[in-house]
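A.B. asks: With chain A fixed as given, assemble chain B onto it according to the hints.
2 protein chains.
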Amino acid sequence: MTQTILLDLLEKKEFKAIRAVLNVMNPVDLAALLKDLPAPDLAMAFRLIDKERAAETFSYMDPDQQEALLNIFTNAEIKDILAEMYTDDTVDLLEDMPANVVNRILDNLDRDTRRVINTILRYPEDSAGSIMTTEYVDLRPNMTVSDALQKIRRVGIDKETIYTCYVTQSGKLIGVVTAKDLLTSDSDRKISDLMETNILAVSTNEDKEQVAEMFNKYGVIALPVVDSEFCIVGIVTFDDAFEVLTDEATEDIAKMAAVTPNDTPYLKTGVFSLFAARIPWLLLLMISATVTGWIITSFEKALAASVALTAFIPMLMDTGGNSGSQASVTVIRALSLGQIQFSDFFRVMRKELFVSLLCGLTLAVANFFKIWLVDISLLHTSGLTLSIAAVVCLTLAVTVVIAKFIGCTLPILAKKVGFDPAVMASPFITTIVDAISLVVYFNFASAMLGI
Amino acid sequence: MTQTILLDLLEKKEFKAIRAVLNVMNPVDLAALLKDLPAPDLAMAFRLIDKERAAETFSYMDPDQQEALLNIFTNAEIKDILAEMYTDDTVDLLEDMPANVVNRILDNLDRDTRRVINTILRYPEDSAGSIMTTEYVDLRPNMTVSDALQKIRRVGIDKETIYTCYVTQSGKLIGVVTAKDLLTSDSDRKISDLMETNILAVSTNEDKEQVAEMFNKYGVIALPVVDSEFCIVGIVTFDDAFEVLTDEATEDIAKMAAVTPNDTPYLKTGVFSLFAARIPWLLLLMISATVTGWIITSFEKALAASVALTAFIPMLMDTGGNSGSQASVTVIRALSLGQIQFSDFFRVMRKELFVSLLCGLTLAVANFFKIWLVDISLLHTSGLTLSIAAVVCLTLAVTVVIAKFIGCTLPILAKKVGFDPAVMASPFITTIVDAISLVVYFNFASAMLGI
Chain A
868 MTQTILLDLL EKKEFKAIRA VLNVMNPVDL AALLKDLPAP DLAMAFRLID
918 KERAAETFSY MDPDQQEALL NIFTNAEIKD ILAEMYTDDT VDLLEDMPAN
968 VVNRILDNLD RDTRRVINTI LRYPEDSAGS IMTTEYVDLR PNMTVSDALQ
1018 KIRRVGIDKE TIYTCYVTQS GKLIGVVTAK DLLTSDSDRK ISDLMETNIL
1068 AVSTNEDKEQ VAEMFNKYGV IALPVVDSEF CIVGIVTFDD AFEVLTDEAT
1118 EDIAKMAAVT PNDTPYLKTG VFSLFAARIP WLLLLMISAT VTGWIITSFE
1168 KALAASVALT AFIPMLMDTG GNSGSQASVT VIRALSLGQI QFSDFFRVMR
1218 KELFVSLLCG LTLAVANFFK IWLVDISLLH TSGLTLSIAA VVCLTLAVTV
1268 VIAKFIGCTL PILAKKVGFD PAVMASPFIT TIVDAISLVV YFNFASAMLG
1318 I
Chain B
868 MTQTILLDLL EKKEFKAIRA VLNVMNPVDL AALLKDLPAP DLAMAFRLID
918 KERAAETFSY MDPDQQEALL NIFTNAEIKD ILAEMYTDDT VDLLEDMPAN
968 VVNRILDNLD RDTRRVINTI LRYPEDSAGS IMTTEYVDLR PNMTVSDALQ
1018 KIRRVGIDKE TIYTCYVTQS GKLIGVVTAK DLLTSDSDRK ISDLMETNIL
1068 AVSTNEDKEQ VAEMFNKYGV IALPVVDSEF CIVGIVTFDD AFEVLTDEAT
1118 EDIAKMAAVT PNDTPYLKTG VFSLFAARIP WLLLLMISAT VTGWIITSFE
1168 KALAASVALT AFIPMLMDTG GNSGSQASVT VIRALSLGQI QFSDFFRVMR
1218 KELFVSLLCG LTLAVANFFK IWLVDISLLH TSGLTLSIAA VVCLTLAVTV
1268 VIAKFIGCTL PILAKKVGFD PAVMASPFIT TIVDAISLVV YFNFASAMLG
1318 I
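Note that the protein sequences, when read in sequence, are chains A and B.
Throughout the first sequence, residue numbering follows the numbering used here, covering 868 to 1318 in sequence.
Throughout the second sequence, residue numbering follows the numbering used here, covering 868 to 1318 in sequence.
Rather than coming from a laboratory, the hints here were simulated on the basis of the structure.
One thing to keep in mind: the hints can contain errors.
Because identical chains share one entry, a pair is satisfied inside a single copy or across any pair of copies.
In silico DSSO-like cross-links for lysine-lysine, where the CA-CA straight-line distance does not exceed 27 Å [claimed, not checked]:
hint, residue 1, residue 2
1, K1039, K880
2, K918, K1084
3, K1026, K1283
4, K1283, K1135
5, K1039, K1026
6, K902, K1084
7, K1057, K918
8, K1018, K1084
9, K918, K880
10, K1047, K880
11, K1282, K1135
12, K1084, K1135
Next up, chain A with everything else stripped away, as it sits in the complex:
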C-alpha cells in the first residue's frame, strides 16, 4: 500500500479495505506509511488500526505526528493507547511533547503508571534508569518451571520481553532464568535450581552508552536495572541498546567533524539549528588559525625572497593534517570500542612512531622525485631548486611524524582528563599541525637556504 492509494481509499471511504490492509502491516512500516499525512487523514487512518498494533505504531511515529494525533484524540482514545504502551515509550513521548500535551497525557495515565513514570523521569538524562521499561516478568525462587510458565501465560502479554525472567526475593534480584531454560527443562524443576546467579545487571545511574556496550559485549536480549540495594527497578531491552549504539556512533562522527551533535534527523533539523551546531566550532577554529598567520608574517623575509616556498604551504599543511587525522580518528574509534586504554599509551605511541616514520619517508621520497622530475625538469617552475625540494621533503617527513604523534596522543590524554576524545579529531589536529608544520618549514628554509 502506498500513501497515494491510502489517501484515495480514505476519500472513497473504503474503510473495510483499509482496515484489512493496515492490520496485517508491521507497525514500523505503518508508521512510515502514515508519515507526513495531513492530520485529519492521519487520524482517520489511525482509528482503523487495531488497538495493540495502533499503540505500537504510535510509538514509532515522529513527534510532530504524535502531537497532531493527541490533539485530535478524545481522552478515552488517549487512555486506550497509553494503556497499551510500554513505559519507556511513554517516557520518550512525554519528553518530546509540549507542556499542554504532556499534561493531557499525564491526566490520562492511571495512577500507578504515573507514579512509575515520574520516577523514571527523575533519573539523569542518558542514564540506564531513563531508558528502561518497567514491564518485565518476575518469578520467585521456590516456583517450579510449570508455575513460572503459568505466570508467563497470565501476565506475559503485557511485558516487553518474557524471554528473560527475573527471580526476586523481597525485591532483591537473586537470579535470572531464560524462557529457553524454562521451555527445555522438566516442569517440576525448581526455579532456584535452574536460575543463573552470576547476574549481568546495570545500575540505574549507569551511562546508557555503557549499557549499550554491555549488550554488544554479551549479546543478551535484556539487562536488568537495579538500585543500590540490588532491587530490580526495570529492564533495558536490546532494541533500545541498538538505538543507543547507533546514536553514539552518529554523535562521535559529528564531533569528529566539529559539529555539535543533535538528535534530530537531518531533514527535520532547521537551518538555524544546523547553523548553531556548526558556527561555534568554525569561529573557534578560525580564531585559532590566527596563529598560523602570525607565523607566516614573522617569516615574511624568507617568503618574499622566494614565492616557490609559498607554493608548498598548502600541500605541507594538508598532508600534515591528513596524517594527524588518520592517527587521531583511528585512536578515537579504538578508544570508543574499548580496544585501547590509557595504559596502552606508550604502545600506541611506539606503533604510531614507526608508522609515521614509514609514511613520512615514503611521502618525502615520492615528493622529492615529483618536484625534481615534474616541477623542475618538465615544467621549469621558476625559482624552484633542488635545495628547496630538499627543504620541502624534510619538512614533510618531520611534519608527518609530529602530526601522527599529536594525533595519537591527544585523544588518549583528552579521555584521561575527562574530555571527550572525539573532539580531538581532524579539525583540531589540523589546526595544531598547521602551525607546527609552518614553524618546521621556515626553520629548515632559514637553515638550509640561508634566508
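C.D. replies: Relative to the frame of chain A, chain B by itself:
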C-alpha cells in the same frame, strides 16, 4: 578471578577450585580472562570448563588463541567443541584459521555439518548467507501450540534462538510464530491460526549491512534468510546484527579519515598493515595538492607584492575545509542511516545554502572586526590594510558557501553513481576546497587591490 590468581592456582594444581570459579563465569568474561595466557596454561584452564560453556567461550576468543588451542587439542576434543558450536561461529573460525588448522577442523566435523558449512562458505562475503546460522526451530502449520512447545523442548537446546520459530510447508517459509505467542496462547490452538504471515525476511545475497539496518528498524530478535524460492536456509540473530552495525560505523569512520578500513583491533594491527592502510590515501591527496601549488605560483606577482596576503592562506584554507567537512560528514551519516535519499538532493542543497550563507556571513564579519581591531589597530601588522581585510572576508564568505555546497553534494552524487559516500569526507573535500578558496582569494585580490 584475575589472571594472576588463575596462573597461581594452576601452578598449585588447585583444579577443583579453578573449575568451580570458571564454571559460573560468563563465556565472554571467560574469554577475556584467558586472553594472552601462554598456550599450555590456556589449554589446562580451558579443559576445566564444562563442555557447553567451553564451546561458547571458544567462539569468543581471539583467532590466535583459538589456533593455539586447536594445535594442542586431540581430535576427540576438537570434535566435542565443534559439536557444541553454532554453524555461524564455526564459519567465522574457519575464515580466521590457517589452511592446516582448517583441514583439521573439517576432518572433525560430522558430514551434515560439513555440507552445511560448505554451502555457507560459498555465499558472497558480506552477504546475509555468510553470517547466518542454520540452527533454528521449524514448525508445521497443522501443529498445535502444545505440539510446538513439545518440539521446542526436544530440539530447542541446540538452537541458537527458540524465540522466533519458523513455520514451513514443503520447505517454503509460510509464517513466523514467536515463543511469546506460544507461551501466551491456549495449548490446542493451531499454529496456522497463530502465525504472522506478513513475514520479514532477507535473501541469502542481501548485503549484511542492509540486514543489520532491518534489525535496527524493526527491533526483531532474529530474521529468517530465504533463497529465491522463499525456502528458509538459516537465520541471522540480533547479536550478529549488532556486530555488523558496529563494524559498519567503524569502517565509515575510517574512510572519513582517509584510512582503508580493517577488521583487526588497533593493538593487534601490525605497523605495516597500518602503513598500508594509510599511505595510498596520503600519496593521492599529496599529489592532488600539487594543484594548489600551481595556483599559488600563477599568482606569484600578487603574493610577492604583499606578504600580508600570504598570511591569511592557512586560515582561509582551514575554515573552508572545516565548513565543507561539517556538511559532508553530516550528509554522509544521514545517507548511511537512510535519513536522506537521492530524491532529497535539492532539499539538502537548499538547506545547506542557507546554513552556509549564515555561517559565511558570521565568519566574515567576525574576522573583519578581528583583523581591524587586533591585527591592524592593536598589533600594527605591517602591510595589512582594511582593503586586504575586505578581500579576506569576502573570500571567506564565498569559500564557506562553496565548501558547504561541495560538501553536501559530493557524497550524495557519489552514492548515486555507486561510489562509497564515506570517502567524500574531510580529506577529499579539503583538497578540493583548498584549490577553490585560493582561486577565489587571488581573483578578489587582483580585482579589489589592483595587483
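A.B. asks: List, from low to high, the hint numbers that the structure doesn't satisfy.
C.D. replies: 1, 3, 8 and 10
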